[in-house]
Amino acid sequence: MDNLLAVEVGEVRAEQEIVIKQIDGPIPKPPGIAGATVLGDGTIMPIGDVLELIEIAQGKRTIEIGFNILDGAAAIKQSQAENIQQEPMVLVVDDSITVRELLSMSFNKLGYRVEQARDGQEAWDKLRGGLVCDMIFSDIEMPRMNGLELLSHLHKDRQLKSIPVAMLTSRGADKHRQIANDLGAKAYLTKPYTEKDLMDVAQHLIEINRANKEAESVTVKINKVKNLKSKTEFRDTPLVLIIDDSVTVRELLSMSFRKAGYRVEQARDGQEAWEKLSEGLECDIAFCDIEMPRMNGLELLSQLQKDERLAQLPIAMLTSRGAQKMRNIAASRGANGYFVKPYVEDELLEAAKKMMNGEMLIENVDEEL
Numbered sequence: 005m006d007n008l009l010a011v012e013v014g015e016v017r018a019e020q021e022i023v024i025k026q027i028d029g030p031i032p033k034p035p036g037i038a039g040a041t042v043l044g045d046g047t048i049m050p051i052g053d054v055l056e057l058i059e060i061a062q063g064k065r066t067i068e069i070g071f072n073i074l075d076g077a078a079a080i081k082q083s084q085a086e087n088i089q090q091e092p093m094v095l096v097v098d099d100s101i102t103v104r105e106l107l108s109m110s111f112n113k114l115g116y117r118v119e120q121a122r123d124g125q126e127a128w129d130k131l132r133g134g135l136v137c138d139m140i141f142s143d144i145e146m147p148r149m150n151g152l153e154l155l156s157h158l159h160k161d162r163q164l165k166s167i168p169v170a171m172l173t174s175r176g177a178d179k180h181r182q183i184a185n186d187l188g189a190k191a192y193l194t195k196p197y198t199e200k201d202l203m204d205v206a207q208h209l210i211e212i213n214r215a216n217k218e219a220e221s222v223t224v225k226i227n228k229v230k231n232l233k234s235k236t237e238f239r240d241t242p243l244v245l246i247i248d249d250s251v252t253v254r255e256l257l258s259m260s261f262r263k264a265g266y267r268v269e270q271a272r273d274g275q276e277a278w279e280k281l282s283e284g285l286e287c288d289i290a291f292c293d294i295e296m297p298r299m300n301g302l303e304l305l306s307q308l309q310k311d312e313r314l315a316q317l318p319i320a321m322l323t324s325r326g327a328q329k330m331r332n333i334a335a336s337r338g339a340n341g342y343f344v345k346p347y348v349e350d351e352l353l354e355a356a357k358k359m360m361n362g363e364m365l366i367e368n369v370d371e372e373l
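My numbering applies: residue 5 is where the sequence shown begins, and numbers increase by one.
Keep in mind the hints are simulated off the structure, nothing from the lab. All residues carry an ideal CB built from backbone N, CA and C; glycine is no exception. One or more of the hints may lead you astray.
Calculated pairs, BS3-like style, for lysine-lysine (alpha carbon to alpha carbon, straight line, at most 25 Å) [what the hints assert, rightly or not]:
#  : residue 1 : residue 2
1  : Lys217    : Lys190
2  : Lys113    : Lys200
3  : Lys179    : Lys190
4  : Lys357    : Lys263
5  : Lys200    : Lys130
6  : Lys310    : Lys329
7  : Lys130    : Lys217
8  : Lys179    : Lys130
9  : Lys217    : Lys195
10 : Lys113    : Lys160
11 : Lys160    : Lys200
12 : Lys200    : Lys25
13 : Lys345    : Lys263
14 : Lys165    : Lys217
15 : Lys263    : Lys165
16 : Lys165    : Lys179
17 : Lys280    : Lys165
18 : Lys130    : Lys113
19 : Lys195    : Lys179
20 : Lys160    : Lys263
21 : Lys190    : Lys200
22 : Lys195    : Lys280
23 : Lys190    : Lys160
24 : Lys217    : Lys179
25 : Lys263    : Lys358
26 : Lys329    : Lys280
27 : Lys179    : Lys345
28 : Lys160    : Lys280
29 : Lys195    : Lys25
30 : Lys130    : Lys160
31 : Lys25     : Lys160
32 : Lys190    : Lys25
33 : Lys358    : Lys345
34 : Lys329    : Lys345
35 : Lys263    : Lys280
36 : Lys113    : Lys195
37 : Lys190    : Lys113
Between beta-carbon pairs, the in silico distance windows are [stated by the list, open to error]:
#  : residue 1 : residue 2 : range
38 : Glu59     : Arg132    : 35 to 45 Å
39 : Val42     : Leu114    : 23 to 33 Å
40 : Glu255    : Asp178    : 42 to 52 Å
When you get a sec, could you build the whole thing from the sequences and use the hints?
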């Protein structure tokens, strides 16, 4: 019975949904108060923090402010200015103001700085406008730009794609998890969530962000060393263009070719590959999926054949479609090779060398399709 605690309530009026506002400014937050809300009649009502009240009752937290407000205001601002860059910044993206405020309270309580966005478009605008953050927690279903579209935009941006993103949504289907994973999400939480799970994921994202920054620093140093090498030596290294709508497949292929000494360029579908090639990208060989949005692999083959320069580019199809009909169509449209997933790394690398030397690894079909 010694562990039981009670909170005396003067009156129970009703249960209603409220928006909790943080207490900002130089005046410290009163102990035991989480924030405040404005009632329908304009009354400002403080919101009790039950956990803090319990800690105060147990003697674990003091109710003394501990300094003179007027004398301490300048010191607080100076301390905040010194420490603000050390506190992780989290961007919370959700079209529900209630969810945004609850998440903000959780993160603020743990010392995080928080920026909010009501949908993917606002988040994208803030990030493109220069907002620097260490992680993003995003809903999926939102107006204007949903969470998956935001992920896709981030993945295409060289500066922003390193920001770790966690999806926090009511959509728990494996399909949505897989799509988010393919687009680069580092974690996937479903509502309702526990605060412990939220904080565990946040810590994981901080570690990812720290590792990304260290990797970027190493990359900058490596690039400086590489720039000292002659341009001739750089041009002698073959460049492979990898075209696939799955970020996982693109990254796995990139790892294989880089390990074999190739330079790598990626495109997420035929349209992006066509734009890069038509704008002057010079590559020695391309590996292309068939089923992709906007422009599929067979459509890209047709486009390449219309261009005198690009028609000479060795290109192999790498797809899950193994039917002979698809092989014939690819051959008739100028493909140099045809490989079915899952592939064998060594065989693929050996085939790349042969195709760059002019060998055809797919039967040519004369009939008009």
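Structure-based check of each hint:
| no. | hint | in the structure |
| --- | --- | --- |
| 1 | Lys217 x Lys190 | holds, 16 Å |
| 2 | Lys113 x Lys200 | holds, 13 Å |
| 3 | Lys179 x Lys190 | holds, 16 Å |
| 4 | Lys357 x Lys263 | holds, 15 Å |
| 5 | Lys200 x Lys130 | violated, 28 Å |
| 6 | Lys310 x Lys329 | holds, 22 Å |
| 7 | Lys130 x Lys217 | holds, 21 Å |
| 8 | Lys179 x Lys130 | violated, 29 Å |
| 9 | Lys217 x Lys195 | violated, 30 Å |
| 10 | Lys113 x Lys160 | violated, 33 Å |
| 11 | Lys160 x Lys200 | violated, 32 Å |
| 12 | Lys200 x Lys25 | holds, 23 Å |
| 13 | Lys345 x Lys263 | holds, 20 Å |
| 14 | Lys165 x Lys217 | holds, 12 Å |
| 15 | Lys263 x Lys165 | holds, 23 Å |
| 16 | Lys165 x Lys179 | holds, 22 Å |
| 17 | Lys280 x Lys165 | holds, 19 Å |
| 18 | Lys130 x Lys113 | holds, 24 Å |
| 19 | Lys195 x Lys179 | holds, 17 Å |
| 20 | Lys160 x Lys263 | holds, 23 Å |
| 21 | Lys190 x Lys200 | holds, 17 Å |
| 22 | Lys195 x Lys280 | violated, 40 Å |
| 23 | Lys190 x Lys160 | holds, 16 Å |
| 24 | Lys217 x Lys179 | violated, 31 Å |
| 25 | Lys263 x Lys358 | holds, 18 Å |
| 26 | Lys329 x Lys280 | violated, 29 Å |
| 27 | Lys179 x Lys345 | holds, 20 Å |
| 28 | Lys160 x Lys280 | holds, 14 Å |
| 29 | Lys195 x Lys25 | holds, 22 Å |
| 30 | Lys130 x Lys160 | holds, 16 Å |
| 31 | Lys25 x Lys160 | violated, 35 Å |
| 32 | Lys190 x Lys25 | violated, 30 Å |
| 33 | Lys358 x Lys345 | holds, 19 Å |
| 34 | Lys329 x Lys345 | holds, 17 Å |
| 35 | Lys263 x Lys280 | holds, 24 Å |
| 36 | Lys113 x Lys195 | holds, 20 Å |
| 37 | Lys190 x Lys113 | holds, 23 Å |
| 38 | Glu59 x Arg132: 35 to 45 Å | holds, 42 Å |
| 39 | Val42 x Leu114: 23 to 33 Å | holds, 26 Å |
| 40 | Glu255 x Asp178: 42 to 52 Å | violated, 21 Å |
Hints 5, 8, 9, 10, 11, 22, 24, 26, 31, 32 and 40, counting from the list given before, are not met by this structure.
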